[in-house]
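2 protein chains.
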Amino acid sequence: MSLLTVGSVAFDKLETPFGKTDKIIGGAATFITLTASYFVKENNLVAVVGEDFPQEMIDTLVSHGVNVDGLEIRKGEKSFFWHGRYHNDMNSRDTVEVQLNVMENFDPKIPASYQDCDFLMLGNTAPAIQHLVLKRLNKRPKFVLLDTMNLWIDIALDDLKALLKDVDCVTINDEEARMLSGDYSLRRAAKTIMAMGPKTLIIKKGEHGALLFQNDDIFFCPALPLEEVFDPTGAGDTFAGGFISHLAKTDDLSFDNMKRAIVYGSAMASFCVERFGSERIQNLSQEEIAARVEEFRKLATFEL
Amino acid sequence: MSLLTVGSVAFDKLETPFGKTDKIIGGAATFITLTASYFVKENNLVAVVGEDFPQEMIDTLVSHGVNVDGLEIRKGEKSFFWHGRYHNDMNSRDTVEVQLNVMENFDPKIPASYQDCDFLMLGNTAPAIQHLVLKRLNKRPKFVLLDTMNLWIDIALDDLKALLKDVDCVTINDEEARMLSGDYSLRRAAKTIMAMGPKTLIIKKGEHGALLFQNDDIFFCPALPLEEVFDPTGAGDTFAGGFISHLAKTDDLSFDNMKRAIVYGSAMASFCVERFGSERIQNLSQEEIAARVEEFRKLATFEL
Chain A
1 MSLLTVGSVA FDKLETPFGK TDKIIGGAAT FITLTASYFV KENNLVAVVG
51 EDFPQEMIDT LVSHGVNVDG LEIRKGEKSF FWHGRYHNDM NSRDTVEVQL
101 NVMENFDPKI PASYQDCDFL MLGNTAPAIQ HLVLKRLNKR PKFVLLDTMN
151 LWIDIALDDL KALLKDVDCV TINDEEARML SGDYSLRRAA KTIMAMGPKT
201 LIIKKGEHGA LLFQNDDIFF CPALPLEEVF DPTGAGDTFA GGFISHLAKT
251 DDLSFDNMKR AIVYGSAMAS FCVERFGSER IQNLSQEEIA ARVEEFRKLA
301 TFEL
Chain B
1 MSLLTVGSVA FDKLETPFGK TDKIIGGAAT FITLTASYFV KENNLVAVVG
51 EDFPQEMIDT LVSHGVNVDG LEIRKGEKSF FWHGRYHNDM NSRDTVEVQL
101 NVMENFDPKI PASYQDCDFL MLGNTAPAIQ HLVLKRLNKR PKFVLLDTMN
151 LWIDIALDDL KALLKDVDCV TINDEEARML SGDYSLRRAA KTIMAMGPKT
201 LIIKKGEHGA LLFQNDDIFF CPALPLEEVF DPTGAGDTFA GGFISHLAKT
251 DDLSFDNMKR AIVYGSAMAS FCVERFGSER IQNLSQEEIA ARVEEFRKLA
301 TFEL
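For the protein sequence lines, the chains are A and B, in the order given.
Residue 60 in the UniProt record's numbering sits at position 60 of the first sequence, and the numbers go up by one each step.
Residue 133 in the UniProt record's numbering sits at position 133 of the second sequence, and the numbers go up by one each step.
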């Protein structure tokens with residue numbers, strides 16, 4: 001099945017307890033489409049970058065089979081830039097600097113060849129822009145996954161609530177789920193958020209795993225306990241990308257298959273954090289992915 | 001198989017966001033032996049209380065099949081007392097007051113009828129006392145589980161390290177594992193702690209589940225996402241009690257059976273937190289336990 005992803009393609013500058021980077025390539029849609037490249041053939045990107053974005057990175061996306069017909073390159077403008085600093089526990093971070101640049105007035109364009117997409121991944125960006133992409137498709141995709149964050153709950157709650165009515169599934173972290181629902185209990189928070197629209201909800205808990213909710217069903221997938229978490233940047237995008245692209249690959253929206261999809265998402269995220277930026281996600285083999293998923297099976301399953 | 005438990009039998013006074021209690025019955029060995037009563041018949045207790053301890057509660061233990069021959073009642077003295085206050089997130093707590101009373105010079109006595117015990121549960125108390133119990137057994141039990149806490153790492157580290165050499169398995173929470181090992185990564189912390197003696201290690205993460213380590217094997221069991229956590233007091237003791245008493249019931253120390261034991265421990269702990277103190281653990285049926293374990297199976301297992 002075909003996948004369409006919208007989101008940022010951008011520069012990141014990172015500081016972690018393990019080191020610093022200069023400007024490297026980041027952005028939600030970068031992590032998502034690179035991840036999806038291991039699962040689907042029709043891997044379509046909608047994003048905007050400035051003239052400063054390196055052709056080499058666009059070539060990397062293309063070499064991974066990403067369709068960049070929907071990647072707008074704005075002359076005379078600069079790409080989105082985020083500078084983040086992680087705390088020692090790697091679970092919290094500060095934004096040192098943000099430059100919106102081309103994202104300030106991003107007007108997503110959908111190439112005609114993308115119009116019949118089956119799966120839509122609304123990577124983290126302003127809810128109004130995510131909604132525009134959905135509205136600009138002639139036919140509603142069979143599955144729409146929304147990723148969002150605390151910033152949009154803070155500054156664009158009405159847009160987010162309008163969008164929530166139109167999506168099938170949301171990924172959000174535990175703190176954001178509490179913020180959006182006003183409830184500390186994640187089980188009750190999940191019910192409140194699903195009542196806002198999405199039939200399925202994923203609450204990400206970082207190193208503590210992820211919860212999948214649908215009706216009264218709950219599934220929990222742990223994170224793999226790693227010796228080192230080198231850089232958590234992009235882990236949430238990679239997780240969402242692995243989840244939706246496993247669904248797109250298998251074209252099966254049953255709860256049992258969503259469980260498998262969460263495991264694939266978690267496996268891909270566990271690779272992501274092993275290196276700075278998207279380095280690890282650019283260099284994976286199907287054998288490595290299969291072996292990692294098997295590690296999750298050993299870690300989480302038991303027989304009574 | 002027979003189980004011997006040593007630990008506190010005591011009074012607790014609790015404050016949670018949901019309410020307060022007067023003095024109620026608490027103590028590690030209370031939670032452990034009540035939990036074990038659903039699994040094993042030979043359920044032997046070694047503990048000390050003061051003259052103020054209500055006969056009614058001793059009768060409750062006896063009615064659950066707990067052998068109280070090793071429960072010393074000290075005339076003219078008072079029972080151990082702990083007053084705790086939980087924060088709003090229920091994951092952290094302050095000690096408002098502690099009165100050691102009879103625990104100050106606890107000299108554990110092992111009745112002759114306990115001497116051939118197969119499984120030994122060293123419930124949370126001073127490591128020197130836990131070690132005494134082990135040394136006072138004529139025959140080493142086939143499995144010794146140690147539960148400990150940050151207090152003993154702080155004030156009795158040498159005693160704890162000596163004891164670690166003589167036990168098979170330890171349960172400890174994530175913060176304490178980091179404290180004891182000096183390593184933030186739980187995977188590396190586990191290796192460090194196992195090198196101190198125990199072949200098997202359980203790291204408890206409260207609402208985030210528990211990790212079981214043995215050699216290079218890792219198993220993760222989630223906590224059940226509950227709508228309400230009413231009172232976490234005793235959850236760790238109940239967890240340890242469920243773990244060891246499933247092992248004692250089945251007399252199977254394979255890693256696969258330890259996985260099941262962790263699930264039983266987690267299931268019992270999920271009941272514990274539903275009411276104040278040991279109320280819920282006093283009133284369970286085998287049907288409720290089986291149904292709860294089945295909830296864990298649905299929550300955690302998947303097929304690839």
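The hints are simulated quantities; they were obtained by calculation from the structure and are not laboratory data.
Errors might be hidden in some of the hints.
Note that the list lumps identical chains together, so a pair holds whenever it fits in one copy or between two copies.
Below, computed lysine-lysine pairings styled on BS3-like, alpha-carbon distance capped at 27 Å [stated by the list, open to error]:
(1) Lys161 / Lys20
(2) Lys199 / Lys135
(3) Lys199 / Lys75
(4) Lys161 / Lys142
Quiz item: Which earlier hints can't be squared with this structure?
Solution: 1, 3
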